[in-house]
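Sequence lines, in order, name chains A and B.
Under this note's numbering, think of the first position of the first sequence as 1, with each following residue one higher.
Under this note's numbering, think of the first position of the second sequence as 1001, with each following residue one higher.
Since the hints were made in silico from the structure, they are not lab data.
Careful, some of the hints might be misleading.
Claimed, not checked - Restraint ranges, calculated between C-beta atoms of paired labels, are given here: (1) T1020(B) - H26(A): 47 to 57 Å; (2) W1200(B) - A27(A): 39 to 49 Å; (3) E46(A) - F1319(B): 51 to 61 Å; (4) A151(A) - W1200(B): 23 to 33 Å; (5) L1417(B) - H49(A): 51 to 61 Å; (6) L5(A) - P1014(B): 26 to 36 Å; (7) R1214(B) - S159(A): 22 to 32 Å; (8) L5(A) - A1043(B): 52 to 62 Å; (9) S159(A) - E1452(B): 27 to 37 Å; (10) H49(A) - W1200(B): 28 to 38 Å; (11) Y1036(B) - V98(A): 51 to 61 Å.
Glycine is no exception: its CB is placed at the ideal position from the N, C-alpha and C atoms.
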Amino acid sequence: MSRPLYGLVAEFGSPGELVKAAREVHAAGYTKVDAYTPYPIEEVFEALHLGRSHLPKIVLAGGIVGLAGGWGLQYWTSVIQYPMNIGGRPFNAWPAFVIPSFETTVLLAALSAVLGMLALNGLPRPYHPVFNARNFSAASSDSFFLCIEAADPRFDRESVRKVLAGLGGDVSEAEE
Amino acid sequence: MASTPHSEPQIIAPGHTFATVTDKIASIVLLKKTPYGWFVGLAVGFGLLNLLLVSLAWLLIRGVGIWGLNIPIGWAFAIINFVWWIGIGHAGTLISAILLLLRQQWRMSINRFAEAMTLFAVACAGLFPIIHMGRPWVGMYWLFPYPNTMGLWPNFKSPLIWDVFAVSTYALVSLMFWFVGLIPDLATLRDRAEGRTRKWIYGVLAMGWRGSARHWHNYETAYLILAGLATPLVVSVHTVVSFDFAVATVPGWHATIFPPYFVAGAIYAGFAMVLTLAIPLRKLYGLEDFITTKHLENMGKVLLATSLIVVYGYAIEAFMAWYSGNTFERFMLWNRMFGPYGWTYWVLLLCNLATPQLMWFKRFRTSVPWLFAVAMVVNVGMWLERFVIVVTSLHRDFVPSSWGMYSPTFWDWATFLGTIGLFLTLFFLFIRLLPAISIFEMRTLLPGARIEEDEA
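All chains should be built: construct the whole structure from the sequences, respecting the hints.
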């Protein structure tokens, strides 16, 4: 074995088997566990005890920046930088500023949702050791994978292999 | 997941598994021989696109004088086409965002190409405000706030600048929403593509997506948040477009009904365009299993509901013109119905009031040729609606000495048809290069995705 081991990966044929396996593995005390599925499965998130995503906080921050920035831009240009009397309206015509501020709020919030999601997921990342698991390309089609990583404090190659195989998984090794 | 009785049409045909859904949709892009109809469609689109390029070149050489614009009709085809295209885009966002929040599962096989339709429609729409300046490179400083040598800034008290912000935000958010939805499917294509170049291109676009549960968890949150943001956004866009008219004092424009009436009209026009695209698409690629009569029927119902709101808008417009007792408003109404452009108003009512009433009947709602015919009539009707609003209001306003007439020139028509070419070209390239149906969302609808609690 020339390369270090990333983890042991078990392939399952149905989402039900994966959810069952994820629950058992979590109950057995493994913590560095991840599942790989062709579509999002609520029950897997619960089985792995993922908790709540931190994304909403990032989006809130982005939205506030968008609101402040949009409003500030209008206030600064219309009141401070180049005040101009247009149709007798006040320089600080705040009802008119609501609409562009709304748009910049949405824009920055959406941008932080997308970039925040990618950042939290550590993407883009073209290479990952789990791609080396046997038949892993089926994870984007019709197979369900569970990986116990070698970094797990309880990781022991033989016992993990036994646990995963015992749950009905087709086990293979993923090297770094 | 609620199961529907088998006698009712399903949102996905029975017998499909994760593998067959993946194969069927991915193979359109990866393996299947491109159908003959695709080449015909692309050729038509590309031909018209070239007409657009010629029209734009001639516009930049000669200026807006090549169009039929004059004073008093200073806004004509450019704004009509802008509103028409931007309205069409709204259905894509409605399907992808609002129906997602309402948990309407039938949206899942039509959201991807409806979102693409939104993007391409917004691209066509965005062209018009830019080119109607004639020399767009001169006018940018009053559209976008950037430090220019004159030290001038846009007028944020004008609905036109609100429109710039609304439409550009809408274009960018739609693009992000669409791309985020594509990431897992791009990973599927990466894993199935043959040949280094294809693998590499889809691989770069998928950004290393590996379907990790932790990733899906953040992904689902992001997708829901984007839907929540896109929902008020889409309502704001056509509202702001309607302010371009409603804030002015021209009779026929200055009406408080405009924002809701424009939003409903946008969704109405958009669903007609989704039907116009979905019906040939499912035929061309044999996707009747995924875009079923159930989908078409539902879209027919949306068409009917929104048409009734639009007709209510027409009725209120007419009522308020009469009830206001204002001479100019009353004249506007009379002129709209019986003036020189009166025929456009009656054809408009035929298209948007009479025709959609067929959708009350299941026989028409479930008949593909009828749906297609109704959708085409609505496409024309909604274009005419904007023609009526823009031209009949402007050509005879307050002072008879400043009345005028408008007739479009060859270049008006060429530019408009040209944007249809741009739209078709982009759309045909999209269905050839990217999965036109969201594969990962279709997987969640399959019976195999149901998790029995005793098993788990």
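Right, here's what the structure says about each hint:
no., hint, verdict
1, T1020(B) - H26(A): 47 to 57 Å, "32 Å, violated"
2, W1200(B) - A27(A): 39 to 49 Å, "42 Å, holds"
3, E46(A) - F1319(B): 51 to 61 Å, "55 Å, holds"
4, A151(A) - W1200(B): 23 to 33 Å, "30 Å, holds"
5, L1417(B) - H49(A): 51 to 61 Å, "58 Å, holds"
6, L5(A) - P1014(B): 26 to 36 Å, "43 Å, violated"
7, R1214(B) - S159(A): 22 to 32 Å, "24 Å, holds"
8, L5(A) - A1043(B): 52 to 62 Å, "55 Å, holds"
9, S159(A) - E1452(B): 27 to 37 Å, "29 Å, holds"
10, H49(A) - W1200(B): 28 to 38 Å, "37 Å, holds"
11, Y1036(B) - V98(A): 51 to 61 Å, "52 Å, holds"
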